[in-house]
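Using the sequences plus the hints, can you model the full thing?
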Amino acid sequence: MNRNREGEELLRVPIHMKLQYRFPAGAHYERFFRELKKNGKIMGVRCPECERVLVPPRPVCGECFTRTDEWVEVGPKGTVVAHTSIYFPFIDGSTGKPRPIPYGAGLIQLDGAYSAINHILEEGDPDKLHVGMRVEAVLKEEREGNIGDILYFKTVEE
Amino acid sequence: MGKKVAIIGTGQTNHCSSREDLNEMELVYEAASAALRDAEMTIAEIDAVVLANMELFEGRALHDMWCGEGGGAFMKHSFKISTGGTSGTSGAISGYYHAASGLFDRVMVVGFEKHSDGNTSAGMALTDPFWDRHVAAAAIGNFALSVSEYMADRGVTQEQSAKVAVKARRNACNNPHAHLQMPDLTVKEVLESPVLAYPVHRLEMCPQSDGACAIIFASEEIAKKRCPRPAWVRAAVTRHDHIYLGEVKNRLATMRSLREAARVAYETVGIREPLKEFDVAEIYDPLTYAEIAWYEALGFCKDGEGGRLIDDGITQMDGELPVNPSGGVISTNPVGASGTIRVAEAALQIHGRGGKRQIPDVNLALATGYGVYCWSDVVILSSRPD
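In order, the protein sequence lines correspond to chains A and B.
Take 1 as the starting number for the first sequence in this note's numbering and just add one per residue.
Take 1001 as the starting number for the second sequence in this note's numbering and just add one per residue.
What the hints contain is simulated information worked out from the structure, not anything from laboratory work.
Owing to the predicted nature of the structure, the values given are computational and were not obtained by experimental measurement.
Hints are not guaranteed to be accurate.
Stated by the list, open to error - Below, computed lysine-lysine pairings styled on BS3-like, alpha-carbon distance capped at 25 Å:
1. 1076(B) <-> 1003(B)
2. 154(A) <-> 1249(B)
3. 37(A) <-> 140(A)
4. 1302(B) <-> 1276(B)
5. 18(A) <-> 97(A)
6. 1249(B) <-> 77(A)
7. 154(A) <-> 140(A)
8. 128(A) <-> 1249(B)
9. 38(A) <-> 154(A)
So this is what it looks like as structure tokens:
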């Protein structure tokens, strides 16, 4: 299928682009990232109706369609509710480059939060990961005010 | 309820990893032409066209413009539907709504995707810029997370998962349109294929395919006149869950959106025992574990019994409820078309045009769609209009 009837290789049009984007964080992510950058705190918002604490924070609770404005600190410790170890190379959406493999990834329910968050686990060996294990967020020293300020979650003994 | 509507024709390309002989518009044209031939219609008779595609996988925007002429949309009423993996089923549901409204009598839906044009991983990476794109590990990694929860909760085994892969690739051998046809695949080979994201092996995941699929919906009067055995749309339901993966608790086990869509659809049609009442199901199985989880969510069995259904052969071609005679998404995945294919394959079974993959005497067929983290579509087709 890669050649035409005359036996010539099919023509392809190659395109390489470098694109740059800049997304304003918006009111809730502004506060979330500011707290993370300035004070090293992970914050969630509580819905006044269903009382779920949402992380990442959002201005409206999806289930109640109600404004959320009560901020609460969550974590930095939490419990792994799901885990995997990644062995295939795929593109890191923040850099456009493949992320080094293998590495661990998990859904982490931060203490005090309803929702779990997906993030990177320091431990990448599937034999050392299990549902229910305790982990803690490790933050960057020089924080910039984005989710990359949380480097990964490390395993903690309690 | 809307007006009575039936599917009277379907058409598909031969799906494979790379259709380098065609560009995307030509792919759309191939499927649309096949559906028109199947329905014995001309494009002049079609009064609305719905296009379905997953945005950005080909690195191309405005597909409705670049591919619409291939679907015969020129100077017709036309929309594009793009809802991730559910694009194809939601496109079909939109086509049904158009006809059921009574405003359009003959509606063509074309779902399409040309994965080989672009970079699927890049498409997945272009999601939420604030959180997800930094930490999400593409479709495979996200599924692997959910599989770990599901296995811990329901005790489903790797062997049961591998049996789903074997069933799918063997069924695909009866489908001339299917991408991965593997007649001799074994459970051992599935479990010895490379681990992409623990515990998910390569042969437990869907492939990336190039392909398109078209469906023609018609009003009651036209369907009765033009089709010897129309596939009547009896229910079509869409449900969307939360946006962040971590907010959906134990996704595969709970699958709220699919359970709720199925509940509403079953109530509409009056279905109480889905395993007994459906003659065939074409469900959107992005990976093997999801198929087992969907058995439970769709009420084919009780929670925790999905693995037993595959162990006991209940969902094999000769079982009580054959699931995915086409080979399913695990065998063929042009993502924007994958949902459309589910609906088309379910219709094909009622039309009696399934060839080697035909199940005898199909009167009631189920098709589902799955998209994003937790979005679901359910469509029920019947040989009877009411």
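Looking back at the numbered hints, which does the structure fail to meet, lowest number first? none
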